[in-house]
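Protein chains: 2
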Amino acid sequence: MNNEKLILVDIGNTNFHIWENGYIYDLKQADKLEGRVFYISVNEKKEKEFLSLNPDAVNLKEYVKFDTDYKKLGIDRIMACKTVEIGTVIDAGSAVTVDFMKKGKHLGGIIFPGIFAYKKAFATISDKLNKDFRKPDDFPISTEEALWSGSIGSIICMIEKYGIKPVYLTGGDGKYLNQFIDGIYIEDLVFKGMKQTLIENGKWRMYNEK
Amino acid sequence: MNNEKLILVDIGNTNFHIWENGYIYDLKQADKLEGRVFYISVNEKKEKEFLSLNPDAVNLKEYVKFDTDYKKLGIDRIMACKTVEIGTVIDAGSAVTVDFMKKGKHLGGIIFPGIFAYKKAFATISDKLNKDFRKPDDFPISTEEALWSGSIGSIICMIEKYGIKPVYLTGGDGKYLNQFIDGIYIEDLVFKGMKQTLIENGKWRMYNEK
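Sequence order for the protein chains is A and B.
When you number the first sequence by this note's numbering, it's gap-free, plus one each residue, and the end is 303.
When you number the second sequence by this note's numbering, it's gap-free, plus one each residue, and the end is 303.
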């Protein structure tokens, strides 16, 4: 048995998300990590920074098997969906991605602005739209309710339109969205897909997990 | 009969929209207008600039009657809805506003980012999201289709959710959205509301219209 520590890294557009011994944390900047590092990345610039500090890190993109007709599906979305047999997968980060799985096949997906991106877009249009969101009871009858409906409400509308249950949520704003969406929040959903990829390639048992 | 020319001005967050003798045009900057000017405004800074050049212009906000429970509804949205007895009113500008009317009463409304604001939000998140939108046939299976669904598709979803027909479209991107939404494009819908307000206050017949 190899006792070298296993580290999983998900390089996003804003943060480096790190999994280490069952603990998850974020780094704003690339850092040198001590252990056997497997990673995925959706941001080439951040990936280069990371590889300059961790030249032996292995990109899991080369190893993953995933059934989809979607052209150039982001590797983070692949990993988030990989362990889901059926359901809707929401990853709420810089963007909110919503992907649909049935019988282990990826049917397609949607990209919304992230919650922060919605707020910034509204505030940029007008100071009057620089408001907190509030869920309406019925028709939206205030700016706060109108903005909730035009962002979170519209994400929910599309999820309900395709109607594939259960709904899984992950990502930085996953817990926040779970207030409004009947679903299961799984903090490490992307890392579960990465682990599954390691298992499928016979690389998992080589390392210890707490 | 007063032969002074009537001019209507809708001061938005991006442009000055002008109605003059049945012609509509946009100004990027405030200008001195020759005639009897009535206006509405959602942008205080632009309104001040405009009033410094047109000190006799009359704000129609003081004259309009409109039935709604919505707090601080934008005067442009009031004017766009004012002549609609029943239906959904889409004003696609810097923001896309969607308002619901029944029996001449405003039931509520939604604020989405404008089409340009969506594109800018996506491009800001990642260069990979700096793509044209494309309407999917079924599930979105490319970035272009995923972005369409996460913006225009989600606007349509909310319109269909409330389901109040017919649908009227106006604003700079109204014609563009009409490609995807079964509705009636009315270029001068806001100005129709302003004219109706003038009529209700006995100010319309005083001026000539071509």
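By construction, these hints were calculated from the structure, which means they are not laboratory data.
Please read all numbers here as calculations on a predicted model, not as lab measurements.
Among the clues, some could well be false.
Identical copies look the same in the list; a pair holds intra-copy or inter-copy alike.
[Claimed, not checked] Computed list of lysine-lysine pairs in DSS-like fashion (alpha-carbon distance at most 25 Å, straight line):
id	residue 1	residue 2
1	Lys213	Lys139
2	Lys138	Lys213
3	Lys138	Lys254
4	Lys141	Lys198
5	Lys258	Lys125
6	Lys125	Lys165
7	Lys212	Lys165
8	Lys121	Lys285
9	Lys224	Lys213
10	Lys165	Lys224
11	Lys296	Lys213
12	Lys121	Lys141
13	Lys268	Lys164
14	Lys164	Lys296
15	Lys221	Lys139
16	Lys121	Lys213
17	Lys139	Lys198
18	Lys212	Lys224
19	Lys164	Lys125
20	Lys254	Lys228
(message) Check the structure against each numbered hint from earlier and tell me which ones fail, lowest number first.
(response) As far as the earlier hints go, 3, 4, 5, 6, 11, 13, 14, 17, 19 are violated by this structure, in ascending order.
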